[in-house]
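Peer 1: Single-letter residue listing:
2 protein chains.
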Amino acid sequence: MPNPTAAMLVIGDEILSGRTQDTNTNHLANALTAQGIDLREVRVVPDEQPAIANALNDLRARFDHVFTSGGIGPTHDDITADAVAAAFGVPVGVRDDARAAMQAFYDTIGGKLTPSRLRMARIPQGATLIDNEISGAPGFTIGNVHVMAGVPSVFKAMVAGLLPTLAGGAPVQSRSLRVERGESEIAEELAALAADFPDLSIGSYPFRQEGIFGTNIVVRGQDGARVDKAFARLSDLFAENRA
Amino acid sequence: MPNPTAAMLVIGDEILSGRTQDTNTNHLANALTAQGIDLREVRVVPDEQPAIANALNDLRARFDHVFTSGGIGPTHDDITADAVAAAFGVPVGVRDDARAAMQAFYDTIGGKLTPSRLRMARIPQGATLIDNEISGAPGFTIGNVHVMAGVPSVFKAMVAGLLPTLAGGAPVQSRSLRVERGESEIAEELAALAADFPDLSIGSYPFRQEGIFGTNIVVRGQDGARVDKAFARLSDLFAENRA
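Read top to bottom, the protein sequences are chains A and B.
Numbers 399 to 641, taken from my numbering, label the letters of the first sequence in order.
Numbers 399 to 641, taken from my numbering, label the letters of the second sequence in order.
Extracted from the complex, chain A is given alone in its bound form (with noise of 0.2 angstroms):
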């Protein structure tokens, strides 16, 4: 059976400026590699309902989850709540369930539950909350979408927290192995090995590090066998070149 698959909507104009580096896709590829989850897209969209909106609905159409980080916060342009009410059609507003989980949140930590806080709680119909242990303010799935805060460290939390509910496929097998000569050099032994392991995934990365031009070569599939076999063959064959 295929592995399931997922995609990335990243929400965020201070990405798209330039202002900040994107951590979480990063983040979350890791995390859904090890579980058998194939993150085949990534999207970065800026902070506008349209844009956020048409982007879910083509990827939700098209994969099994798609993983929303961004633009659940109290402010202004904090608009993904009401972006993925649209995409869905269903009304958006504060939740009694939310609320209480807020309001637990802030008991526990001395604060107040204020009025720009409150907006936190507002979640589309139909949606079940994801916890945020971090800083109060849940994230939601509706439908396959699972949208999540966007500070990292609230990020990675709701990750921790909704992965282990999904179910997950063969988790990817990898072996990869350095070898200190140029990409062009190794093209065709490549090609051939790729030929004969139709099944497994050979990629090669350049790298120059200190004036010498090497190759990081990485074998992926699902079939741990298979990827011992074919990085068999790929160690003997650059045995003198290993680094």
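Please keep in mind that the hints were generated in silico from the structure rather than gathered at the bench.
Hints may be right or wrong, so weigh each one.
Said to hold, decoys possible - Which residues of chain A face chain B? A partial, calculated answer using Cβ under 10 angstroms:
(1) D420
(2) A535
(3) S574
What the hints assert, rightly or not - Lysine to any residue pairs mimicking SDA-like chemistry, simulated, CA-CA at most 20 angstroms apart:
(4) K510(B) <-> G612(A)
(5) K554(A) <-> G416(B)
(6) K510(B) <-> R579(A)
(7) K554(B) <-> T421(B)
(8) K627(A) <-> R606(A)
(9) K510(A) <-> E586(B)
(10) K554(A) <-> R417(B)
(11) K554(A) <-> F605(B)
Unchecked claim - Residues from chain A that keep clear of chain B, each with C-beta distances beyond 10 angstroms, as calculated:
(12) D411
(13) A484
(14) I540
Note that CB positions come from ideal geometry on N, CA and C, so glycine has one too.
Fit chain B to the given chain A structure using the hints.
Peer 2: Coordinates of chain B only, in the frame set by chain A:
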């Protein structure tokens, strides 16, 4: 006149698997912002021809420029040139000007233009070349699509060569204020400020550092005087909370 718009298309299984953290997008985003070209969308797709061609055709129809990164190396998994040619419906093959550029590069460094390397001289019909002073193999521009390497040092060199040839707009001015108050505490003041300056983008980015909850507030816009005016009000508002 509105600024030119742009999208970035990152081609790479290694980004989607989590093995590699993409940094090319952030580099391009900053370079475009400085030149007054608005980056409006980013996509990451796997090394597969239909995924690349479909994303490319969608993006090039919607934005003034599309910049791609990755998949133009010498190995079997480098299929970007073919996918771009397919998207434009033009043939692709080794071109004399690309071969000459690569021959000149290898003559300089004392290397050979092997068959694998020559694969990197395959350029879609009608494209113009983008120089690569780092590793020889050229990128190319076809229509409004600029195809560049994935290796960050090469990508940066190509961006540096390409961008001065593109018409820019009004560079975005930006000023930011770091305040030691949580985002939800200042949400109402920020919303009021944003309502008074509808021509500006006022973003807020929460942080937690050494136990302190704070917010970076970023004011952005094309009119420097308006940015300064909003920033002055912001500074007055939070005079006691500046960090």
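Peer 1: Could you run down the list of hints and mark each one as holding or not?
Peer 2: Now the hints, each set against the structure:
Proximity of D420(A) to chain B holds as hinted, the smallest CB-CB distance being about 7 angstroms (cut-off 10 angstroms). Taken as an interface hint, A535(A) checks out: its beta carbon lies about 8 angstroms from the nearest beta carbon of chain B, inside 10 angstroms. Annotation: S574(A) was flagged as interfacial toward chain B, and the flag holds, the nearest CB pair being 8 angstroms apart, inside 10 angstroms. Distance hint between K510(B) and G612(A) is fulfilled; the C-alpha atoms sit about 16 angstroms from each other, no more than 20 angstroms.
A distance of roughly 14 angstroms separates the Cα atoms of K554(A) and G416(B); the hinted pair therefore holds under the 20 angstroms criterion. Of the pairs offered as hints, the one joining K510(B) and R579(A) holds, with about 14 angstroms between alpha carbons and a cut-off of 20 angstroms not exceeded. With a CA separation close to 10 angstroms, the supplied pair K554(B) and T421(B) stays within the 20 angstroms bound. Proximity of K627(A) to R606(A) is assessed by CA-CA distance (about 28 angstroms); at most 20 angstroms being required, the pair is judged violated.
Distance restraint check for K510(A) and E586(B): the Cα-Cα separation of roughly 15 angstroms lies within the 20 angstroms cut-off, and the hinted pair is therefore satisfied. Restraint check: the Cα-Cα separation between K554(A) and R417(B) comes to about 17 angstroms, which is no more than 20 angstroms; the hinted pair holds. Between the alpha carbons of K554(A) and F605(B) the distance comes to roughly 15 angstroms, so the proposed pair stays at or under 20 angstroms and holds. Listed as outside the interface, D411(A) is inconsistent with that label: its C-beta sits roughly 6 angstroms from the nearest C-beta of chain B, within the 10 angstroms cut-off.
Distance check for A484(A) against chain B: the nearest CB is about 18 angstroms away, which clears 10 angstroms, and the non-interface claim stands. Every Cβ of chain B is farther than 10 angstroms from the Cβ of I540(A); the closest lies at roughly 23 angstroms, confirming the non-interface assignment.
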